[in-house]
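Undergrad: As a plain string of letters, each chain reads:
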Amino acid sequence: MIEAKRLPTTRTRASRIFQPGHILQLLGAHAILLAYTALALFPVFLVVINSVKGRRAIFASPYALPTPETWDLVGYDTVLLRADFERYFVNSTIVTLGALLLILLAGSMAAYALAEYKFPGNAVMGLYLALGIMIPIRLGTISILRLVVRLGLPDTLLALILVFAASGLPLAIFILTQFMKQVPRDLKDAARVDGASEYRIYLMILPLVRPALGTVAVFNMIPIWNDLWFPLILAPGESTKTVTLGAQTFLGQFVNDWNAVLASLTLAMVPMIILYIIFSRQLIRGLTSGAIK
Amino acid sequence: MNLAAKRSNRKPFPVHILVFLAPAVIIYTAFMIYPLIDSLRLSLYAPNENREEVFVGLDNYQRLLTDDLWQPRLEGAIVNNIKFFAIHMLVQNPIGLLLAALLSSQFIRGRSVYRTLIFTPTVLSVVLVGFIWRLILSPLWGISSDVLAVFGLEQYDKPWLGLEETALTTLSLISVWQYVGIPMMLFLAALISIPDELIEAARVDGATAWGVFWRIKFRLILPTVGIVGVLTFVGNFNAFDLIYTIQKATAGPNYSTDILGTFFYRTFFGIQLQPGNPTMGATIAGVMFLIILTGVLLYMFGWQRRMLQIEL
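Heads up: the protein sequence lines correspond to chains X and Y, in order. Just so you know, the first sequence maps onto residues 1 to 293 in our numbering. Just so you know, the second sequence maps onto residues 1 to 312 in our numbering.
Wrong hints could be hidden among the right ones.
[What the hints assert, rightly or not] Computed from the model, here is a short list of chain X residues facing chain Y with C-beta under 10 Å:
| # | residue |
| --- | --- |
| 1 | Ile58 |
| 2 | Leu127 |
| 3 | Ile135 |
| 4 | Trp229 |
| 5 | Ile277 |
[As the list claims (entries may be wrong)] Pairwise CB distance ranges (calculated):
| # | chain 1 | residue 1 | chain 2 | residue 2 | range |
| --- | --- | --- | --- | --- | --- |
| 6 | Y | Ser145 | X | Val255 | 33 to 41 Å |
| 7 | X | Glu238 | Y | Ser193 | 47 to 55 Å |
| 8 | Y | Ser193 | X | Val124 | 26 to 34 Å |
| 9 | X | Val124 | Y | Asp157 | 53 to 61 Å |
The hints are simulated quantities; they were obtained by calculation from the structure and are not laboratory data. From the three backbone atoms N, C-alpha and C, an ideal C-beta is built for every residue, glycine too.
For reference, chain Y alone in the conformation it holds in the complex (with noise of 0.2 Å):
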């Protein structure tokens, strides 16, 4: 509207523009933008004692970051998530990428039923994917100490979802069993992209596959790598869905799988006998907005920038 007003002087503003846009960016703007932006706001506020929201400056984030109360559960909260994080980009992009390498070769019989079947676990739902392990990995059904029996391992089997040293890193296997689908298709499509020539050229040099592949292949397809991790980072730090399914908004065996996601639905809806603190939660809200601003810009200005350079 704005943009028609100043524009007015001279000629006016098409309104078939204005009719093509508005749908959208109302929807957007209202329910994306603006509460997002609110959410900031509010992160600047506390309750006074008559329940009214009064401006405190950034007192919320100063008690998030030093208050005895709050501290520990942030720290443990952002610990865990890099834990979370970290998993994901040792375990799930690397077998992505093997997946995918294998999926791209033309030799490979039956490369689209096994991208199809492979895939399958992406589409489910979260709860089902919790459900489905949470029955797997039960001591009570004994599924996860037979497949340890197959290797002779048997007697190393544990409840992994209820000891505090070993249930982040269940969880974030299962989380990586869903997802691994997402990056094996990124990678496989800028594998596919790569010029036939280029490769043949390299072969008839001596190179052997292997050279190929992380000399040539690897390299043409960097910027996906990039991609791919920053999909992976705010994927991560946004997640919620399994360890809620799994061990409920507590995040149990005492908090040791608590993430940014849960400590974030605990503080502003509350859980059993602790009533919500919307004030805190939009604060808890804005760290994630920092940390996930911050992985973005460093992906923008670091990694597209230094593509671009090569590239060149």
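The shape of chain X in the complex, shown without the other chains (with noise of 0.2 Å):
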């Protein structure tokens, strides 16, 4: 029955492709993507081909790709000598591998509670921890600075692996909550059946939800990463400074310079691209599950 309706919609589908009307529909979305593309692509670009251009070349012919008259690495020079871009990347990776660790173990630790047990007050657990997900972690930013001063934590990288913790906690408990309860229960059962410990058998639960963790740490990576507001209040000291606030202050020191601050945006963007090209399938591949429901 399904196969005899479905024959002719792919015919029809076939002859549409041959219209003109169609062709012509075909080449409009085209033009409008290849249009838009461009606008999101041409700024980067820019930046990139000028960062390794000598000054001239760079106000003479910003649309010309380098060649061997125009090549100079003034401005790299510049950043390396003047910035500790290093020590910023150790910083930025330290923050967010931690954050993401600890999301992660808290996160998946809490959502199998939520999902496997029946506990009173479970709904409303479930309720407080979601709160989060709509309310902006920044606008108590006055009292968790209070709070990291009174702590001793200013200026430290647990201070920011705390706060973006919890910021990026809710959204996580909720995304794996939703996974958990898809485990078969039968598998649990016969482990406890077993004899294992309800801890042994979360542990064994976790590689079952492995693309749900995977969508929780990219979904986490790139806000914690790029995050300015947080490092700039809570830990601006220089050797506290993550990649986009050393960026942001070398930024406005050297902004006359214009070969400086080439070559500090592409420093700064090519890894966060190279990332963002490794993980993109899993990234769209969470954008496009749902899982922001």
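Combine the two chains into a complex, taking the hints into account.
TA: Given below as structure tokens:
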């Protein structure tokens, strides 16, 4: 029955492709998409190609690709000499990985409890943990700063890790709970019969929700790496600067040195774009699987 | 812990559940819920002559709403924030919808390549995006006049970020440029999940592509339209980074780009010679909290309930 229904539609679809009106529509669609792709990439492209040119070439021929005559790395020399970008990268990596680890560990544990056990207050706890999805943590900044000072943590990476973990947990728990609920009961009950402890069963479930853990990790990685607000307020010291804050400070100081500005923008941008290309499939799958609902 | 105590006269509360919940609940409560509540409490306090914070009730809110020093800044920030939000709703989300509609068609080759490339600016930090556009729009470099010249409009070139009339719109459009990928992805996800049978049935009935889109697809993705709207609202009324990066905390020229986020930062952190004022800062955070809460509640009880009725 279903097969028979499908047949004619494929035929109409095939014949529609060869209609002149349809070809025009396709061309129009590609034209719009190409134009928008160009708009999205043109500024990035312009910065990258000009970062390896001499000052005169940047202004004389901004749209030309670098040639042996215009090739000049003076901007990169300035950046590497005047800003400690290596340290900023290390700091950003520690903060991002630390917060992600906490989010995934604490988040999956809480999600497991909410998904697995019927206990009094389960629904209330779920709601309490979900409150933070819509309320931005920035509104509590003044009290966060005071708390961090009281705990003796100002200008530490740990303060950033804890704050980013707190802001990432609500959505992580929400997403992971949905996935944990889909793990078949029989599996867990079989393990229980075999005498496995609840902690063991949790460890057993964890690999089964790996795709969800990946989605949560990629989701949280970008905003944590890119955040300016909390590094600026909680850890502005030179030794704890993240890439985003370091770039912000450096760019502010060297605003008139075009070579240095273009070079530092490229240096901060390229790792993010490489990471994005590596993880884009996972990120897009996460976004399009309705995880945000 | 309370739960365990209450139940102790019956069955003891299972310890392992507490162990599973504890890390997340402790971190989340200590660094998110407690600061939010404490910040609201702080908005009801003000320093006295001895620099001790004492309870003053709603005085701070009254000052913010009526004092000649505070009121114009608050009003300016709210008006600018509404404009910032309106431009996102009118430009970012329709463009996102258009791109998603094109990308959801099976006839377009290279869909995933377009999708990945268009999303690229979204993953960049706002600081980088801000400086990239500062360079592009700099009259010194002249890129914007070159681009306008392609369309024969070079006489309209302006220092877009330097003029009071154009700075806020320009900043909003930069933000749109960066974030258009998010509504695009959400709309795309919703459009892809519409069953083919529904669309084919309408096509067989002779509906045009335009008709199918607005009368069937758009109605089916209305829940996503609501989610995109509320996410845009929360994001915009909480924005800060882009304006701080391009215009500094003073949100120039002449406060024309000041939004609630920059007003909040300036007030509690202080700038240049003006010292920070934590309690007034907390009051501004309180106002932002009320605005965002109103938006979220309107969405939950207005939009989402109507959506449920449509589904029934």
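Undergrad: Each hint: holds or not?
TA: Status of the hints after comparison with the structure:
no.	hint	result
1	Ile58	holds, 8 Å
2	Leu127	violated, 12 Å
3	Ile135	holds, 7 Å
4	Trp229	holds, 6 Å
5	Ile277	holds, 8 Å
6	Y:Ser145 with X:Val255: 33 to 41 Å	violated, 21 Å
7	X:Glu238 with Y:Ser193: 47 to 55 Å	holds, 49 Å
8	Y:Ser193 with X:Val124: 26 to 34 Å	holds, 31 Å
9	X:Val124 with Y:Asp157: 53 to 61 Å	holds, 58 Å
Going through the hint list in order, the structure does not satisfy hints 2, 6.
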